[in-house]
Amino acid sequence: MSTVATSQIKLTPEHARPRASVRSRLQDALPKIVLAPSFAITIVFVYGFILWTIYLSFTNSKTFPSYVLTGSRAYQRLWGWTFDTDPPSSWYTSITNMGIFGFLYIFICLALGLFLAILLDQKIRGEGVLRPIYLYPMALSFIVTGVAWKWFLDPGLGLEQTLHQWGWTSFHFDWIKNKDFVIYTVVIAGVWQASGFIMAMFLAGLRGIDGEIMKAAQIDGATTFQLYRRIVIPLLRPIFLSAFIVLAHLAIKSYDLVVALTSGGPGGSAWLPSNFMYEYTFKRNEMAVGSASAVIMLMTIVAIIVPYLYSELREKPR
Amino acid sequence: MSAVTTPARQASGGVNVKVINRIVIYGLLALFALFYLMPLFVMLVTSFKTMDEIQNGNMLALPRAPTFDPWLKAWGETCVGLTCAGIKGYFWNSIKMVVPAVLISTMLGALNGYVLTKWRFRGATLVFGLMLFACFIPFQSVLLPMATILGSLGRFGVTLQNATGTSFGLGNPTVNLVFVHVVYGIGFTTLFFRNYYEAFPTELVKAAQVDGASFFQIFRRIMLPNSMPIFVVTVIYQFTNIWNDFLFASAYAGTGDAMPMTVALNNVVNTSTGVVEYNVNMAAAMIAALPTLLVYVLAGRYFVRGLMAGAVKG
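Top to bottom, those sequences are chains S and G. Read in order, the letters of the first sequence correspond to residues 1 to 318 in this note's numbering. Read in order, the letters of the second sequence correspond to residues 1001 to 1314 in this note's numbering.
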């Protein structure tokens, strides 16, 4: 068979070779041609647009973009506002809230997620029912979550009212209307939404741990607490890292939740930098300041994500 | 010495401790289940109550006389801004936006993942890294340029409309949103498919190549038939993300008839005129949540499994 095939090819060398080489060159390039549009789109609409935003942050754009560079005035204003604490500037409120929200949201989600995963990993009957109950909030839009929690936390309608009816009349819970505490309601709703997913990540990690190690430790007389503290949790380190990355970027991106839950809170007291950016760009006609705040958000993400991606992608060079 | 005493101790006290332990564990698990279910429960029961019952009754009580009216009102009559035709139009807006955006971004992701794993070339990792980073950017950093570009495309669309009678979809808010979601979704879809195809045996692809199968033949005959699990994951992920998006929707289709469901819901809920009809608000929120909840209930298991495969592997 093969001899026949080769002799046939040899019969028509002049015709076959150039055609085959064009086709094979096309065939070689085809994978790159297929990938090219997606890559080009990413370069233009992600990296190009980021550069564009950075450029705008150095102009004095107001309602409409202006392309005359005017230096770092927008950043200077943000920098000035950073120390404007009395009364707190919107920017000061936004970054303080980001700190409070980011820390509590990440910390509570990790702790609660790990705790629930360990509980669920104790050969629980009905795990198949419980897991989806913990997880379903992740499927909901932040707007829906916000609507539900806004109602639940409203002093006149929700929890406070219910407990009053049940006889606990001194109960007082009005965080959602209180400018000093409203950000904590965002934490509650945010944790409610994401902690189940973090639980699922930890559960997958726990299921991946070699049972032999656990058994050996138990034979050596380790208590359950020691077992988890000394062996299981250290083994879950990569999952802590992945979960942290997921949570950190969700936290910095959070925008909808604040809008739906608090409408920005009394006097903008629930703003995060994302809300600051949106309001200054589209409502207060301070496009340059909005862009500068977006650049600062981006830089924060870069500082967290890039080292992570670098180490992840470098590990398997092929 | 201790080896002799431990079994005895376990036999006497161990059983009780074990029972108490189990009770505590189940108790805690049940408590947290209540925490996660509470808001959905409150939303659901409130949406079946009359306004009268809401104002005088208990938030947690079941509706005394369940009524379906709030749902009908939310669907067909409630006011979104100044238009009082319910949220049904916006629901369809979302569907019209989600379906093409999900299909296009998933297909592109599958092709990209296939190229990046089975047709590796120099710089493939860098290309992937750049596309992957795009998943993590705060969208605020691209919001304004995109608004500018979409604005110019819209004006160009009007010119086209005047010249040729059709704008080819330019300036149509739904088309814009499909485009935006595809652009900022391919990072995720590529990530999913790339991780999945990484584990797919390259020998099969090599063998097919030797047999003379072309790039697309291999993709269609070998990769696609084996990609069902990752397609499920990607489609669910994209569907939930795009359906739930609020930032792009409010920035590029925040007013008018083309707004998607999330923006419409936010408008319904935050309307300050007249009496706030909580039952209608809750029904509207339930309607907005139903598609993703349904998808999650039907196929959530695969979703979690796949997401974890991607996330845990890193």
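Derived by calculation from the structure, the hints in this document are not laboratory data. One should not assume that every hint holds.
What the hints assert, rightly or not - DSSO-like cross-link-like pairs, simulated, lysine-lysine; straight-line CA separation at most 27 Å: (1) K32/S to K1206/G; (2) K283/S to K62/S; (3) K1088/G to K1073/G; (4) K1206/G to K253/S; (5) K179/S to K253/S; (6) K62/S to K215/S; (7) K215/S to K1206/G; (8) K177/S to K283/S; (9) K123/S to K1206/G; (10) K215/S to K253/S.
Stated by the list, open to error - According to the in silico footprint, chain S covers these stretches of chain G (three or more CB under 8 Å from chain S): (11) 1165-1172; (12) 1226-1235.
Note that the Cβ used here is the ideal one computed from N, Cα and C, for glycine as well.
The hints, checked one at a time:
1. K32/S to K1206/G: Distance of about 18 Å is within 27 Å: holds.
2. K283/S to K62/S: The hint holds at about 10 Å.
3. K1088/G to K1073/G: holds (10 Å)
4. K1206/G to K253/S: Violated, at about 42 Å.
5. K179/S to K253/S: Given that 27 Å is the threshold and the Cα spacing comes to 22 Å, the pair holds.
6. K62/S to K215/S: Given pair K62/S, K215/S is violated - Cα atoms ~66 Å apart, limit 27 Å.
7. K215/S to K1206/G: Distance ~43 Å between K215/S and K1206/G Cα, so the pair is violated.
8. K177/S to K283/S: holds (23 Å)
9. K123/S to K1206/G: This hinted pair is violated, its Cα atoms lying about 44 Å apart.
10. K215/S to K253/S: violated (42 Å)
11. 1165-1172: violated (count 0)
12. 1226-1235: Coverage by chain S is violated here, the residue count being 0 at a Cβ distance below 8 Å.
Hints 4, 6, 7, 9, 10, 11 and 12 from the list above are not met by this structure, while the remaining hints are.
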